[in-house]
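Participant: Sequence:
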Amino acid sequence: MEPAEPGARHDEQAAFDARAFLARLTSRPGVYQMYGPDGGILYVGKAKNLKKRVSSYFRSKGLAPKTAALVARIQHIEVTVTNSETEALLLEQNLIKEQRPPYNILLRDDKSYPYIFISDRDAYPAVRFHRGARRAKGSYFGPFPSGTAVRESLNLLQKLFRIRPCEDSFFRNRSRPCLQYQIQRCSGPCVELITKEAYADDLRHASMFLEGKSNAVMQELAAQMEAAAAQLDFEQAAQLRDQLSNLQQVQEQQYVSGFEGHADVIGCALKPGGVGIHMLYVRGGRIIGSKVFHPRVSIEDSEADVLSAFVAQWYLGASREIPDQVIVPLALADKNALEQALAQRRGRKVALQHSVRGDKAGWQRLAQTNAEQQLSSHLASKQNVYNRFLALQDALGLDSVPQRLECFDISHSSGEATVASCVVFDRNGPLKTDYRHFNIDDITAGDDYAAMHQALQRRYTRLKKGEGKLPDILLIDGGKGQVSQARAVLEELQITEVLIVGVAKGPSRRAGLETLVLAESGEEITLSGDAPALHLIQHIRDEAHRFAITGHRARRGKARKTSRLEGIDGIGPKRRRELLRHFGGLQEIERASVEEIAKVSTISRKLAEDIYFALHPDP
Numbered sequence: 001m002e003p004a005e006p007g008a009r010h011d012e013q014a015a016f017d018a019r020a021f022l023a024r025l026t027s028r029p030g031v032y033q034m035y036g037p038d039g040g041i042l043y044v045g046k047a048k049n050l051k052k053r054v055s056s057y058f059r060s061k062g063l064a065p066k067t068a069a070l071v072a073r074i075q076h077i078e079v080t081v082t083n084s085e086t087e088a089l090l091l092e093q094n095l096i097k098e099q100r101p102p103y104n105i106l107l108r109d110d111k112s113y114p115y116i117f118i119s120d121r122d123a124y125p126a127v128r129f130h131r132g133a134r135r136a137k138g139s140y141f142g143p144f145p146s147g148t149a150v151r152e153s154l155n156l157l158q159k160l161f162r163i164r165p166c167e168d169s170f171f172r173n174r175s176r177p178c179l180q181y182q183i184q185r186c187s188g189p190c191v192e193l194i195t196k197e198a199y200a201d202d203l204r205h206a207s208m209f210l211e212g213k214s215n216a217v218m219q220e221l222a223a224q225m226e227a228a229a230a231q232l233d234f235e236q237a238a239q240l241r242d243q244l245s246n247l248q249q250v251q252e253q254q255y256v257s258g259f260e261g262h263a264d265v266i267g268c269a270l271k272p273g274g275v276g277i278h279m280l281y282v283r284g285g286r287i288i289g290s291k292v293f294h295p296r297v298s299i300e301d302s303e304a305d306v307l308s309a310f311v312a313q314w315y316l317g318a319s320r321e322i323p324d325q326v327i328v329p330l331a332l333a334d335k336n337a338l339e340q341a342l343a344q345r346r347g348r349k350v351a352l353q354h355s356v357r358g359d360k361a362g363w364q365r366l367a368q369t370n371a372e373q374q375l376s377s378h379l380a381s382k383q384n385v386y387n388r389f390l391a392l393q394d395a396l397g398l399d400s401v402p403q404r405l406e407c408f409d410i411s412h413s414s415g416e417a418t419v420a421s422c423v424v425f426d427r428n429g430p431l432k433t434d435y436r437h438f439n440i441d442d443i444t445a446g447d448d449y450a451a452m453h454q455a456l457q458r459r460y461t462r463l464k465k466g467e468g469k470l471p472d473i474l475l476i477d478g479g480k481g482q483v484s485q486a487r488a489v490l491e492e493l494q495i496t497e498v499l500i501v502g503v504a505k506g507p508s509r510r511a512g513l514e515t516l517v518l519a520e521s522g523e524e525i526t527l528s529g530d531a532p533a534l535h536l537i538q539h540i541r542d543e544a545h546r547f548a549i550t551g552h553r554a555r556r557g558k559a560r561k562t563s564r565l566e567g568i569d570g571i572g573p574k575r576r577r578e579l580l581r582h583f584g585g586l587q588e589i590e591r592a593s594v595e596e597i598a599k600v601s602t603i604s605r606k607l608a609e610d611i612y613f614a615l616h617p618d619p
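Residue 1 is where the sequence shown starts when you use full-length UniProt numbering, and the numbers rise one by one after that.
Hints in this document: simulated from the structure, not taken from any laboratory.
Treat the hints with care, since some could be wrong.
[What the hints assert, rightly or not] As a list, the in silico EDC-like pairs of lysine to aspartate or glutamate whose alpha-carbon atoms are at most 20 Å apart:
id, residue 1, residue 2
1, Lys52, Asp305
2, Lys48, Glu85
3, Lys291, Asp426
4, Lys465, Glu492
5, Lys196, Glu167
6, Lys599, Asp610
7, Lys606, Glu566
8, Lys574, Glu596
9, Lys349, Glu85
10, Lys48, Asp305
11, Lys469, Glu497
12, Lys52, Glu78
13, Lys599, Glu578
14, Lys360, Asp324
15, Lys574, Glu588
16, Lys97, Asp399
17, Lys465, Glu167
18, Lys291, Asp324
19, Lys137, Glu211
20, Lys465, Asp202
21, Lys97, Glu78
22, Lys159, Asp202
23, Lys196, Asp122
24, Lys480, Glu520
25, Lys159, Glu497
26, Lys159, Glu211
27, Lys196, Asp168
28, Lys469, Asp426
29, Lys599, Glu588
In this text the structure is predicted, and so the values were computed from the model without any measurement.
Starting from the given sequences, assemble the full structure and let the hints guide the process.
Facilitator: The following block contains the structure:
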């Protein structure tokens, strides 16, 4: 690598003389850095031919508006000559990571990626979520695209092979099996309800499953089932049959092709206002997860430009696993340089492909379809919900933007007909198909702590069984007492990847004065009344409150039956009978309008209004 071209820096107060600069610019490969009037970096780029590439910014016509805006701000340009385009590409990504130029494509996500870890030291090793340096001895499977993908895989492993997920301190101090054993998600090694040999066999099958060798696992289980049946051990044969059946169902749900390598499949959609990139992670012929990106794009004019910049920054700008193949939807002009740089970083060959067939073509279409759909959704909501999610990430100091929020609230009338609500938000807002009510019984009337504990235990026991998705953040309408209930339930179920946040009302209980209580640290955070993150929290809290009241009133009305009519002045036994006979039941009376109620022969218009408003107290 050679030093910067002489004469590259100019007086910041003078206009940039592009013609003079280009006249003495070399045609060799290298990196160019563009600076603005205040001396700040604007853009970093690489080129196979520096003179040709930099000259393209100063042509008289044909520049995109964003590129023209960049050029208008250039005060001086510095270049660094390299020995090859590949070397220029690697230097470019180092400079982008270090300087974060405003006109380059920039990714928000630079955290380390999670793995599944199995220790090789313990007699009964656990299967755990792992993020960070891989120092401990054992097997690492991944990386996975997100914590959600790891949790889903861990849930599958518990369901299929009953491998323990608990911490060693919890495991070593058990005198009886925990709840995981009772819901058939663990084989009980803590109290030796399974032999070390049988547990090791289950662990080996789990490892094979993670490596994409599901067919081999099924063949072994089938052989073991037949052997158990031949020895008249029908109980063991039945257990193996059920395990084999579960694996077959997973195979049907998760399509596995004949492709045995690792590939990242990228879809890209570009529209005015934003870009959407969807990446599928294929490991051992199985899609193990996906990830969505909406990077900031400034001067990249086409999808090919965006893809080139994304691939370079994603794999070269940070320490990440580089697979055997990277599949993109279209040809890239700098394909050869990217392949060489990826191979140099990985230590062995990497194929960057765009024209593929068979299963790979199917994955490519899926990634592209997802990129287009998710970009449309992102653009439709980015000024509202998505920006509030970004603000919540910043307010709570999270590594990534949360994907899913859940909020719980309790409603009752002096302890009568207690109902808990669970509402769910994702980046598009309320996800009403995932809302749930919980009728609370067998607690002391009015004990909100016990009600919250019961609702959370029922909800997250189901999620541990695989009946839904765990949230990234669990919001509790209440202060430290309610938060402690949530923490106790999640610790009991060994759920460690969910952030618990209490939403405590201020002394005056006025909106905008809420305090956020973080369960893990006990820290209290107060956001300004106009903070977008607080608006999001208020929205989901108010929705949980509304949904809880709706459930409570429905349960109370069902329990009371005709008692609501008995409390209305002017409605005696005769008129109650007439009403019930006319409508067929209380539910139909509640649905009726004032005009429909007034059609009953013994009911006047004024009395119909009294009945209607007694049954509908809210405006």
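Participant: Now tell me if each hint is right for this structure.
Facilitator: Verification of the hints:
| no. | hint | in the structure |
| --- | --- | --- |
| 1 | Lys52 / Asp305 | 17 Å, holds |
| 2 | Lys48 / Glu85 | 5 Å, holds |
| 3 | Lys291 / Asp426 | 15 Å, holds |
| 4 | Lys465 / Glu492 | 14 Å, holds |
| 5 | Lys196 / Glu167 | 18 Å, holds |
| 6 | Lys599 / Asp610 | 14 Å, holds |
| 7 | Lys606 / Glu566 | 17 Å, holds |
| 8 | Lys574 / Glu596 | 18 Å, holds |
| 9 | Lys349 / Glu85 | 17 Å, holds |
| 10 | Lys48 / Asp305 | 15 Å, holds |
| 11 | Lys469 / Glu497 | 12 Å, holds |
| 12 | Lys52 / Glu78 | 15 Å, holds |
| 13 | Lys599 / Glu578 | 11 Å, holds |
| 14 | Lys360 / Asp324 | 13 Å, holds |
| 15 | Lys574 / Glu588 | 18 Å, holds |
| 16 | Lys97 / Asp399 | 17 Å, holds |
| 17 | Lys465 / Glu167 | 19 Å, holds |
| 18 | Lys291 / Asp324 | 18 Å, holds |
| 19 | Lys137 / Glu211 | 18 Å, holds |
| 20 | Lys465 / Asp202 | 19 Å, holds |
| 21 | Lys97 / Glu78 | 18 Å, holds |
| 22 | Lys159 / Asp202 | 12 Å, holds |
| 23 | Lys196 / Asp122 | 10 Å, holds |
| 24 | Lys480 / Glu520 | 11 Å, holds |
| 25 | Lys159 / Glu497 | 19 Å, holds |
| 26 | Lys159 / Glu211 | 17 Å, holds |
| 27 | Lys196 / Asp168 | 16 Å, holds |
| 28 | Lys469 / Asp426 | 12 Å, holds |
| 29 | Lys599 / Glu588 | 14 Å, holds |
Hint check: no violations occur; every hint is consistent with the structure.
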